[in-house]
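S.K.: Protein chains in written order, with my numbering: chain A, 1 to 348; chain B, 1 to 333.
Keep in mind the hints are simulated off the structure, nothing from the lab. Cβ atoms here follow ideal geometry from the backbone N, Cα and C, with glycine treated the same way. The hints are all genuine.
Using C-beta positions, here's what the derived DEER-type ranges look like:
{"hint": "1", "chain 1": "A", "residue 1": "Arg158", "chain 2": "B", "residue 2": "Ala313", "range": "33 to 43 Å"}
{"hint": "2", "chain 1": "A", "residue 1": "Ala223", "chain 2": "B", "residue 2": "Gly29", "range": "42 to 52 Å"}
{"hint": "3", "chain 1": "B", "residue 1": "Gly329", "chain 2": "A", "residue 2": "Asn302", "range": "54 to 64 Å"}
{"hint": "4", "chain 1": "A", "residue 1": "Arg158", "chain 2": "B", "residue 2": "His157", "range": "56 to 66 Å"}
{"hint": "5", "chain 1": "B", "residue 1": "Pro291", "chain 2": "A", "residue 2": "Met328", "range": "49 to 59 Å"}
{"hint": "6", "chain 1": "B", "residue 1": "Pro298", "chain 2": "A", "residue 2": "Val121", "range": "29 to 39 Å"}
{"hint": "7", "chain 1": "A", "residue 1": "Tyr283", "chain 2": "B", "residue 2": "Ala318", "range": "14 to 24 Å"}
{"hint": "8", "chain 1": "A", "residue 1": "Pro314", "chain 2": "B", "residue 2": "Gly131", "range": "41 to 51 Å"}
{"hint": "9", "chain 1": "B", "residue 1": "Gly282", "chain 2": "A", "residue 2": "Lys285", "range": "27 to 37 Å"}
Negatives, chain A to chain B, calculated, CB over 12 Å:
{"hint": "10", "residue": "Leu58"}
{"hint": "11", "residue": "Ser119"}
{"hint": "12", "residue": "Ala131"}
{"hint": "13", "residue": "Glu148"}
{"hint": "14", "residue": "Ala171"}
{"hint": "15", "residue": "Leu190"}
{"hint": "16", "residue": "Asp343"}
{"hint": "17", "residue": "Ala348"}
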Amino acid sequence: MDAKLPLLSVRDLRVSFALDEGLVRAVDGTSFDVLPGQVLGVVGESGCGKSVTMRAILQLVERPGRITSGEIHFRRAGSNGVDGEVVDIAQLPPRGALMRDIRGGEIALIPQEPMAAFSPVHTVGEQIIEAILLHSHRWQKGKLGRGEARDITVGLFRDVGISMPEQRVDAYSWQLSGGLRQRAMIAMALSCKPRLLIADEPTTAIDVTTQAQVLALLRDLQARYNTAIIFITHDLGVIAQMASYVVVMYLGRVMEEGPVDDIFHAPKHPYTQALLRSIPSLYGKTRVALPVISGALPHPFNRPPGCPFHPRCPQVMPRCSAAVPKLMPVGERQLASCFLHHDEAEPA
Amino acid sequence: MSDPLSLLDVRGLQKFFPITEGFFQRVVGHVRAVDGVDFTLQEGETLGLVGESGCGKTTASRCILRAIDPTGGQILYRTRAGKVVDLAALSPADLLPLRAEIQMVFQDPFGSLNPRMTLLDNVGEPLLVNGMKNRRERADRVAELLRLVGLRPEFMHRFPHAFSGGQRQRIGIARALATNPRLVVADEPVSALDVSVQAQVLNLLLELQQRLKLTFLFVAHDLSVVRHISDRIAVMYVGQLVELAPTEALFRQPQHPYTAALMRAVPVPDPRVRSADGILGGEVPSPANPPSGCYFHPRCKYAQARCKAEAPALREVAPGHVSRCHFAGEMVF
Numbered sequence: 001m002d003a004k005l006p007l008l009s010v011r012d013l014r015v016s017f018a019l020d021e022g023l024v025r026a027v028d029g030t031s032f033d034v035l036p037g038q039v040l041g042v043v044g045e046s047g048c049g050k051s052v053t054m055r056a057i058l059q060l061v062e063r064p065g066r067i068t069s070g071e072i073h074f075r076r077a078g079s080n081g082v083d084g085e086v087v088d089i090a091q092l093p094p095r096g097a098l099m100r101d102i103r104g105g106e107i108a109l110i111p112q113e114p115m116a117a118f119s120p121v122h123t124v125g126e127q128i129i130e131a132i133l134l135h136s137h138r139w140q141k142g143k144l145g146r147g148e149a150r151d152i153t154v155g156l157f158r159d160v161g162i163s164m165p166e167q168r169v170d171a172y173s174w175q176l177s178g179g180l181r182q183r184a185m186i187a188m189a190l191s192c193k194p195r196l197l198i199a200d201e202p203t204t205a206i207d208v209t210t211q212a213q214v215l216a217l218l219r220d221l222q223a224r225y226n227t228a229i230i231f232i233t234h235d236l237g238v239i240a241q242m243a244s245y246v247v248v249m250y251l252g253r254v255m256e257e258g259p260v261d262d263i264f265h266a267p268k269h270p271y272t273q274a275l276l277r278s279i280p281s282l283y284g285k286t287r288v289a290l291p292v293i294s295g296a297l298p299h300p301f302n303r304p305p306g307c308p309f310h311p312r313c314p315q316v317m318p319r320c321s322a323a324v325p326k327l328m329p330v331g332e333r334q335l336a337s338c339f340l341h342h343d344e345a346e347p348a
Numbered sequence: 001m002s003d004p005l006s007l008l009d010v011r012g013l014q015k016f017f018p019i020t021e022g023f024f025q026r027v028v029g030h031v032r033a034v035d036g037v038d039f040t041l042q043e044g045e046t047l048g049l050v051g052e053s054g055c056g057k058t059t060a061s062r063c064i065l066r067a068i069d070p071t072g073g074q075i076l077y078r079t080r081a082g083k084v085v086d087l088a089a090l091s092p093a094d095l096l097p098l099r100a101e102i103q104m105v106f107q108d109p110f111g112s113l114n115p116r117m118t119l120l121d122n123v124g125e126p127l128l129v130n131g132m133k134n135r136r137e138r139a140d141r142v143a144e145l146l147r148l149v150g151l152r153p154e155f156m157h158r159f160p161h162a163f164s165g166g167q168r169q170r171i172g173i174a175r176a177l178a179t180n181p182r183l184v185v186a187d188e189p190v191s192a193l194d195v196s197v198q199a200q201v202l203n204l205l206l207e208l209q210q211r212l213k214l215t216f217l218f219v220a221h222d223l224s225v226v227r228h229i230s231d232r233i234a235v236m237y238v239g240q241l242v243e244l245a246p247t248e249a250l251f252r253q254p255q256h257p258y259t260a261a262l263m264r265a266v267p268v269p270d271p272r273v274r275s276a277d278g279i280l281g282g283e284v285p286s287p288a289n290p291p292s293g294c295y296f297h298p299r300c301k302y303a304q305a306r307c308k309a310e311a312p313a314l315r316e317v318a319p320g321h322v323s324r325c326h327f328a329g330e331m332v333f
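For reference, chain B alone in the conformation it holds in the complex (with noise of 0.2 Å):
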């Protein structure tokens, strides 16, 4: 039913909130965080995720991991015994088996270590969940992971207080790699990090998914960190799918104006090239009262009256590109 390659095969994703009012808590609408969302994960490709926050990528990863339940759609996961389940639609008893291939590396690397934990609970937990109750078993992995994103096994007796950032966000890393996940998604995993530190990490997970074959889905806002990372890249705005397109093809030339309004806004490192032409005015609408036609016409200085009235579909520009945008391949952004 699905590409026989692809790990991964999301379509349609559809999360919405309800907004309720009332005593009675009546539901009078939907925040459509997600809605509709479609893309496909190869296995031992990184796949970035980017956009501004509210564009619902945050809420689209918790739903592949079902941290949260999806609305609606399919995602569709061929796992390690090469059958393809809808993570969708299993019951949690029927999803616990499968928790150990997709795993997470989260964004703030002080709020997601248990402070009263040592290294070797913290990371040894998911071990232990996953049934390996011998403890000297359990410390002998840790040591393993531990090395393996370049910290000295000794570390495990001591508490993560005893950490830096960049280091904790390494025993994040650790505690994700412990099951042998076959998916990560990483979800901003470097924007609470310093500059030098940030490249240590994005090293190191470039480093590990060589050496591990993992697959990632790669959460985040920041368009320099997710072009040196990504080999292809999906662009959200307000729930959907914008633009998605091979990394070198989607810098060279974007499809839709939103992902050129991105690239233009981040600050060039480079006192000689100042310009403060094509910023993009404006916000991002809510997702529970999102314009009509295309989402992004109020803000796109390319709208014309076609794009008040008609939404776009999303359409393959050039092989593997794809664009909602209705002047996509006609036009320059």
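Here chain A stands alone, though its shape is the one from the complex (with noise of 0.2 Å):
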């Protein structure tokens, strides 16, 4: 496990927004690792930076945003299944053919909300097939003919659920329920056989039945392909039911990542503990005042000096709004990035 090289490997990214109002440092020196065939959570509230992340990964962010600095490696398939080389995604052109090669690719991305992801005025299967053709000389010479695209497509239709597959393919997005969409729209995630599947909080938006259904749906097809994943969410249930690793985000830092068992029983950081406790369960008293975490986010235009928690922080010292902690090991398996636990800041 540890001789493996990371599929991604995220240093020090930096995202800003220059906004008229002025600079939102959106990602403020971010870096995580993916290893090959890991699920990777990623919690955090909203604000805290995840989305952008995400985006900054495929190269999609938009204006005014801007990678300002930091380096996205990324290790691309070679052949035979034998590991290519290492790109930066960071260092890419957005639409250069590299990127588009890789982005819907060898990264795919199921997005939060399937409705707005789906082109009404196309089939599903089009869109899908579509992208099948655009990807498909990555793993098979010569040029793929639509009909065997639209074979592979109800094949995936079948793989991720979908009843009456043939019939499916050419529906279109809104005359399928949730739950179908959001199956179809990972069908098309995995139709060009990704390395990296990026989740950006792929069941917020249905019910819990649909959710559990949707969660190990994903859970199967992570087991029988093998794809690395990156779940975005802010449900922490979800987060304990699908990682393996766990990287806690707040205002574009991390605060605290290690496997997900420490995370959920062995909290380092303040902020994820408060983040824990915070949670009503199915489990506890009812009716009673939950312990919350006091304040709210501040304004990103308003960022804190310091550790960006501090002022919502109940164990704040002095020197936390003075520098900026750095994310070091704590423990044996886990990094957080607070003065409780080390007194390594960020060089100012």
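Take the two lone chains and join them into the complex the hints point to.
M.R.: Printed below as a string of structure tokens:
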């Protein structure tokens, strides 16, 4: 396990948005690795930069947003299943041939709103066939016919548990229910045999029972194809059920990361601890006040100096507002950026 | 005629939406969005209404507010004056004075506040509608309301865009409380909020309820949230009530397989408890064309021949615990 080289390695990534009102640093020095076949869970509240990080990985950050610094090393697929060259996605032109090959081909995205992600004027099948035709040169020589691409699509629909796949291929997205639409989206993401799948809140817009079905499906597909998945969500329950390794983000920085069991049973960072306490459970006491994180998420223009969490932290120290704590190993397998656990600060 | 203690007594509530076809909009069928729902609400309690999207929970709550007119059934409401009236049958003019007593908190804190109005106007509008013409008087009341929901009164001259989701939801709550309501219908009030903010708003609702003796109808799809806030929980499926019980009893021993399946579907925030068994397959049937017999039978793993043929009635299994299942009380789901 340890000998595996990371598939994706994000180093000190910074993305900022230059707005009229000022500079918003949406991602402010984020680093993490994704190993092949790993399910990495990224948790955080809205505005923590989790979605922007993922957009940066796909070079989809829209203006006025810009990747200002940092590296995104991605290990491409080589021939016969061996690893290929490593590219720094942060340096690639967003519209270049290489990036277009990687995006949707080697790194696929399952977006939050399948309704908005599919075009309503083309059938879902057409949209998936288009993706397959664009990317098929990667895994096979010679040109793929439309008929063959359609057969692949029908097979994918069957794989993701869509009943009557031959008919559903010709359906429009608005004719499908929320669960089916999300399954079709997963089929589209898998259509080009990606090495890395980014699932951005894939179950937030759907019901619990459908969510359970979709999560089971993703788990099953992951085991079958051994695709690495970055699973982004604000739902800690979903993270606990899906991820093997967890990254906790707050205001564009990684607060803590570690194996899922350690994060849930031995959280080190006060933010992780507070987040875990504030979820209502199916087993706790009812109708009593829940422990809350005091205060609100700061406005993006008013980033607090020092540790971004210090104004809301119950264990705040004078030092926390003066310097930004570095993400350092804490204990055997976890990393945390908190002065309670180490003294290392980021260089000013 | 009704239990003298209950504030609201909903009996056989129905709401059908017509399905039309052709140039002359001929009615070819009905979507039976709410099809015979009965429940009562005692003063000061919270009833949670849960179910998947399309189960009719929002439609039922809108009927109670008379935001839409029910097709059938009675909504008996005991007014502040102590008179029992049928909200379903009142004329708009007779309904008007009662509107102040029943208020609503909406799901989307971004869509439910007018972006062109300051907080003073947003929160003060129900006051204006109810005859508080003096602007200074209104400002005083709005200041009081903002303090009540944990916002600073100075904020009243700002516009909604200056506030975060959690703060906006507090503003929405302040507006709902402006007219001193007795019954507050909250439709998914925390589902658009972040975890840390969600806990703050839930705590606020609990605190306000105790302070102001409010009665809540809390509509939501998240069982852990509903469990946290409700005294009793009603579960809906395809326009019908399938189970209603005190919160503790419902979670200790659900008496309907659908309720049990809903509970199992909630992802447990503990990586040591991972299981994929009991995942509910299939999809919610369309309320325009529900299955025969028990509506849940095509997805139910305990279904037997009887379930397909015979529609179960809602019956009491334990005191205050009703279930619409042939085998409630006999089987453990």
